[in-house]
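**Q** Hey, can you work out the whole structure from these sequences and the hints?
There are 2 protein chains.
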Amino acid sequence: MKLLEERIVKDGQVRPGNILKVDAFLNHQLDVNLLDEIGKEFYRIYKDDGINKILTIEASGIAIACMTARYFNVPVVFAKKAKSRNLDGEVLTSTVHSFTYGKEYDITLAKKFLSPEDKVLILDDFMAVGKAMHGLLDVCQQAGACVGGIGIAIEKGFQSGGDSLRAAGYKLTSLAIIDGMDDDGTIHFRPQEEV
Amino acid sequence: MKLLEERIVKDGQVRPGNILKVDAFLNHQLDVNLLDEIGKEFYRIYKDDGINKILTIEASGIAIACMTARYFNVPVVFAKKAKSRNLDGEVLTSTVHSFTYGKEYDITLAKKFLSPEDKVLILDDFMAVGKAMHGLLDVCQQAGACVGGIGIAIEKGFQSGGDSLRAAGYKLTSLAIIDGMDDDGTIHFRPQEEV
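Here the protein sequences line up with chains A and B, keeping their order. Under our numbering, the first residue of the first sequence is numbered 1, with each subsequent residue one higher. Under our numbering, the first residue of the second sequence is numbered 1, with each subsequent residue one higher.
Just so you know, the hints here were simulated from the structure itself, not pulled from any lab data. Take the hints with a grain of salt, since some may be wrong.
Each pair may be met inside one copy or between any two copies, as identical chains are not told apart.
[Stated by the list, open to error] Subject to a maximum C-alpha distance of 25 Å in a straight line, what follows is the list of computed PhoX-like cross-link-like pairs (lysine-lysine): (1) LYS112 x LYS40; (2) LYS112 x LYS10; (3) LYS21 x LYS111; (4) LYS103 x LYS10; (5) LYS112 x LYS21; (6) LYS2 x LYS103; (7) LYS103 x LYS171; (8) LYS21 x LYS131; (9) LYS111 x LYS131; (10) LYS21 x LYS47; (11) LYS10 x LYS111.
**A** Structure (structure tokens):
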């Protein structure tokens, strides 16, 4: 998605350790116009796939999920990372070994919000190694929900999470795939054919 | 807001300990159409207040903030609760003593995203005692940012957070104020004049 690639070049910052900071527009400060374009794009790609629910994980996935859900006119459900005193009853849970946070954490989702009747589009802002995504896929499997597609805004192509999911047969779309980042800040995007 | 009050009655659940669960439409599963109506309503109320940024806190505030920001055509910034390996540089920080989570936690916001040039509308899904809101107000004060208004979807009127902010002079709007919840699940809304 050219608009997103251009924004990454303009406002993204490359940091040591293969970190890409996009906090100015994607996951700390949010440009809702850009997010709306992202939502429109995910809708264009997945609108004929029978999606009845958008699934994501807190917190940075929520904005993209909501903007996308507006076009689909379906609910959003987001997996929670922190255990809250308010989370009662039956929950689906999975353990994520996060690269980004350098730690392990559990994700939870109330069982009543995901069922075999659901065909979900899973969305998130970033994919690196793909551990958070595997947690979400695990939760879908536990619920018996079908995964209609996976949509990622920015994939770190050199960290194999996306490639392995594509190889596993998922309809995965990453709007920008970064195959490398140089010390001088140059970002190398993977050329993609328009879907 | 009648639409929200009706939805709370229809899909909200009263639990012991003055807990109101609205997880079916507001803060675990999200009804984006309702959220859009909420955003439209906050815009109607605050559109002449010179707002140039929406401020909220992860995670449940993000959806409301984004939907509202679309109408204002301004960015959203959300305070983070968890320390991430990615959060470098200078941050504003405040400590919140949360009723909902039964614990103390820090919130952080990168300094570059809030400045004396900003006039913010602070939004969140819930207000009980108001500790999270006080954390956000503290962060605004540290940044020198002006608070143009505070918007809350659901206020627990019997937990005084809202009343004390109104008494302090903030332009606070809660779309639904709950003054009591009975054991049989009856919810008592505070009558409000339309602003």
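**Q** A separate judgement is required for each hint: does it hold in the structure or not?
**A** Now the hints, each set against the structure:
For the homomeric pair LYS112 and LYS40, neither the shortest alpha-carbon distance inside one copy (28 Å) nor that between copies (29 Å) is at most 25 Å. For a Cα distance limit of 25 Å, the shortest separation of LYS112 from LYS10 across copies, 16 Å, qualifies, whereas the shortest one inside one copy, 42 Å, does not. When the C-alpha separation of LYS21 and LYS111 is checked against a cutoff of 25 Å, the pair qualifies only between copies, where the shortest distance is 15 Å, while the shortest distance within a copy is 34 Å. In this assembly of identical chains, LYS103 and LYS10 lie within 25 Å of each other by CA distance neither inside one copy nor across copies; the values are 31 Å within and 40 Å between.
Taking the shortest alpha-carbon separations for LYS112 and LYS21, only the inter-copy value of 13 Å comes in at or below 25 Å, while the best intra-copy value is 35 Å. Taking CA atoms no more than 25 Å apart as the test, LYS2 paired with LYS103 passes in neither setting, with 33 Å inside one copy and 44 Å between copies. For the identical chains of this complex, LYS103 and LYS171 are neighbours neither inside a copy (28 Å) nor across copies (41 Å), given an alpha-carbon limit of 25 Å. For a Cα distance limit of 25 Å, the shortest separation of LYS21 from LYS131 inside one copy, 19 Å, qualifies, whereas the shortest one across copies, 30 Å, does not.
In this homomeric assembly, LYS111 and LYS131 come within 25 Å of each other (Cα to Cα) only inside a single copy, at 21 Å, whereas the closest approach across copies is 30 Å. Taking identical chains as interchangeable, the C-alpha atoms of LYS21 and LYS47 are never at most 25 Å apart, the minima being 30 Å within one chain and 32 Å between chains. Taking CA atoms no more than 25 Å apart as the test, LYS10 paired with LYS111 passes between copies only; the shortest distance there is 20 Å, against 41 Å inside one copy.
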